[in-house]
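J.: One line per chain: the protein sequences are A and E, in this order.
If you count by my numbering, then the first sequence holds residues -1 to 180, one letter each, in order.
If you count by my numbering, then the second sequence holds residues 5 to 464, one letter each, in order.
Hint data in this document are derived by calculation from the structure and do not stem from the laboratory.
All values reported here derive from a predicted model rather than from experimental measurement.
Ideal Cβ positions, reconstructed from N, Cα and C, are used throughout, including at glycine.
Each hint should be verified, as a subset may be incorrect.
Stated by the list, open to error - To give an idea of the interface, some chain E residues facing chain A are shown, with a C-beta separation under 8 angstroms as derived from the structure:
hint : residue
1    : Val172
2    : Thr173
3    : Ile176
4    : Ile180
5    : Leu207
6    : Phe209
7    : Gly210
8    : Trp211
9    : Gln217
10   : Ile220
Stated by the list, open to error - Just the calculated beta-carbon pair ranges, DEER-fashion:
hint : chain 1 : residue 1 : chain 2 : residue 2 : range
11   : A       : Asp125    : E       : Ser349    : 47 to 55 angstroms
12   : E       : Leu151    : A       : Thr26     : 47 to 55 angstroms
13   : E       : Thr110    : A       : Gly157    : 17 to 25 angstroms
As the list claims (entries may be wrong) - These stretches of chain A come out as covered by chain E in the derived footprint (C-beta under 8 angstroms, 3 or more residues):
hint : segment
14   : 147 to 155
15   : 161 to 174
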Amino acid sequence: MKTFKYILTLCFGVLFVLNIWAQEKEATMTLSFAKVDSNDVCNVIVVSEGKPVADVTVKLYVERLFGLLPIGKDVTTDEMGLATFEFPANIPFNSDGKLIVFAEVEDDENYGSFEIKSETNIGVKEDLTKLEKAERSLSGSRDNAPIYFIVASISIITGIWGTLLYVVLQIFKIKRKKTVTI
Amino acid sequence: MIMTKNDILLDKTTFETFTQEEYMVMKSDLLQPVQKIGTWGKVWIGFLITICLLGIYAYYIQESKSKYVTVSLRDYTMWGVYISNFVFFVALSLIGVLMSAVLKLTHFEWYRPLSRIAEIIAVAAIMLAGVSIVAAMGRPDRLHFLLLHGRIQSPIVWDIIVIMTYLVTSLILLFIPLIPSLSTCKNHLTGKPKWQMKMYEILSFGWEGTAEQWKILKKSMKILTVLVIPLGVSIHTVTAWLFATTLRAEWDSTNFGAYFVSGAFLLGVAGMVVAVFVIRKAYNLEKYLTEMHFDKLGQALVLMSFIYIYFNINEYLVPAYKMSGLHANHLLSLFTGEEAFFYWSVILFGMVIPGILPLFPKMRKPLPLFIITIGVVIAAWFKRYLIVIPGLAHPYLPIQDVPNSWKHYSPSLVEMTIVAATFAAMLLIVTLFSRFFPIISVWEVAEGKLEGKDEIINYK
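In isolation and in its complexed conformation, chain A is listed as follows (with noise of 0.2 angstroms):
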């Protein structure tokens, strides 16, 4: 019986140590853009303990008003703990001249998720005015409502709150008619 406890606490010791050693390792990741051939690119380094870590999947993502744009396909990092993206220079950057990058590591076997986000000036500012109709139309901007629209659109407006306008005048003309009473 004695035997049998001693195995018994042997076997949970050694399943204990099993269990630290397969817990998942902290890994963290650092974000870097350079020129390369008067490219951009992107590279990502996965470190853990100090260490590159080899063979992770990284995807890499900008973030646009409802959601995550994937930029390239995913990337494996080499020994060095290195992924590289081509990083595209025509993606429209926010208003404030900037964009936000995203690199993610999703449910690796060893290091499980984790990501990190970073900022870059790479990208261009989008000119809008190319959307808009460059003629005065119905569907025209704002500045481009065809001039017979708003000749029209004044016209009327002015006409029906003048109207008004003397109507409101006219009460306050009771006001002053108050002399003659009966």
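Given the structure of chain A, go ahead and fit chain E onto it with the hints provided.
T.: Same frame as chain A, but now just chain E:
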């Protein structure tokens, strides 16, 4: 030209055909709701205020928590009960055009005791239409952006412009005929608080009933009465264009403006019957709001029902004959699908019954007509619901890969509380108005008694 006292006295033929005593009886009858508020009156006001407060609390919850949690509006049905409620109130606001302006200009003398009731309902309805729009907005704090950044070509901008214009016009049209009544209140009400008497004093604009003052008053009223008709038609037509210019098969109609306006006139007559019945009972005004009024309103109800049925045939039967792919989904859901119960109830209670039953004189008596028109008002609300929601739920591109809850819409408790509060607020505005101002215009009724012979410039 200012008439002197002698001029007026010489021109005796223009004066009364009924006595000062009769006028005094009329005045005391019509001022009686303002003079005294009974216990039930106070309970009613308290009840309405409670519902309004609940609505304000619901709106606070909606705005302080995520709208995703508090309302059922999603990508497809992005306009829910708020917008159908908005369309209902805009439609109801046309009551002022029909019951006051049109009857006045066409010399239907029976409009006289009805005009102020119609105008205050119009003012209250258009205010609450605005409130419904703000409740529906994702970012109400950006309302002013519509004017700062809006496109003049957009029906939404026009809707805001026309609502504001119609509200101001209706307010002035309500106020101008009220001036002599305010003077009456000032001179005849007793035991009222000082501030209330002061209010009558200020708002009566020094009214003394001089010939010149009457001339100005009549002229101003005439201008506004003419102006309010195209404005009223515009307001509902522009509302219809909000739908007709949006890409949904159901709304793809050149008929929409006229269809909306005809529906609004039917609702206007029905709303008028309900209001007249309740005011008549609550304030014992049977002498002024007579069975003749119900008889006339009943006849108007039949006419408006048939006009509306005509437009409904155009809207539904013509596309149903073709049953093209785009319309089929939507029409079948109305005719035989999940909305069929609502749809056929609306047709029955909102058009067929008010079109047929009041053809019989017995059905144009106050109580039967009241019951018929209650049905019309409820059906009218659901009619707007059926225009807005199933239309949105059947877009041009098929709905795919979305959560099931996005495909169907049923209003949340928060939405329904706010809608209930808008109704309570409308009734509260009308009730409070009738407690501070004569709900029937004393002088307009008195003028009617003169059988159109002339003005009542010697009565104050």
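J.: Against each hint, give a clear statement of whether it holds in the structure.
T.: Now for the hints, and whether the structure bears them out:
1. Val172: Holds, because the Cβ-Cβ distance from Val172 of chain E to chain A comes to roughly 6 angstroms (cut-off 8 angstroms).
2. Thr173: 6 angstroms, holds
3. Ile176: Holds, about 6 angstroms.
4. Ile180: With a closest approach of 7 angstroms, the Ile180 of chain E hint holds.
5. Leu207: 10 angstroms, violated
6. Phe209: Interface hint status for Phe209 of chain E: holds (5 angstroms vs cutoff 8 angstroms).
7. Gly210: 4 angstroms, holds
8. Trp211: Where the cut-off is 8 angstroms and the nearest Cβ of chain A is about 7 angstroms from Trp211 of chain E, the hint holds.
9. Gln217: Since the shortest Cβ distance to chain A is 5 angstroms, the answer is holds.
10. Ile220: 5 angstroms, holds
11. A:Asp125 <-> E:Ser349: 47 to 55 angstroms: 54 angstroms, holds
12. E:Leu151 <-> A:Thr26: 47 to 55 angstroms: 51 angstroms, holds
13. E:Thr110 <-> A:Gly157: 17 to 25 angstroms: 24 angstroms, holds
14. 147 to 155: Per the Cβ count (4), the hint holds.
15. 161 to 174: holds (count 11)
When each numbered hint is compared with the structure, a violation occurs for hint 5 only.
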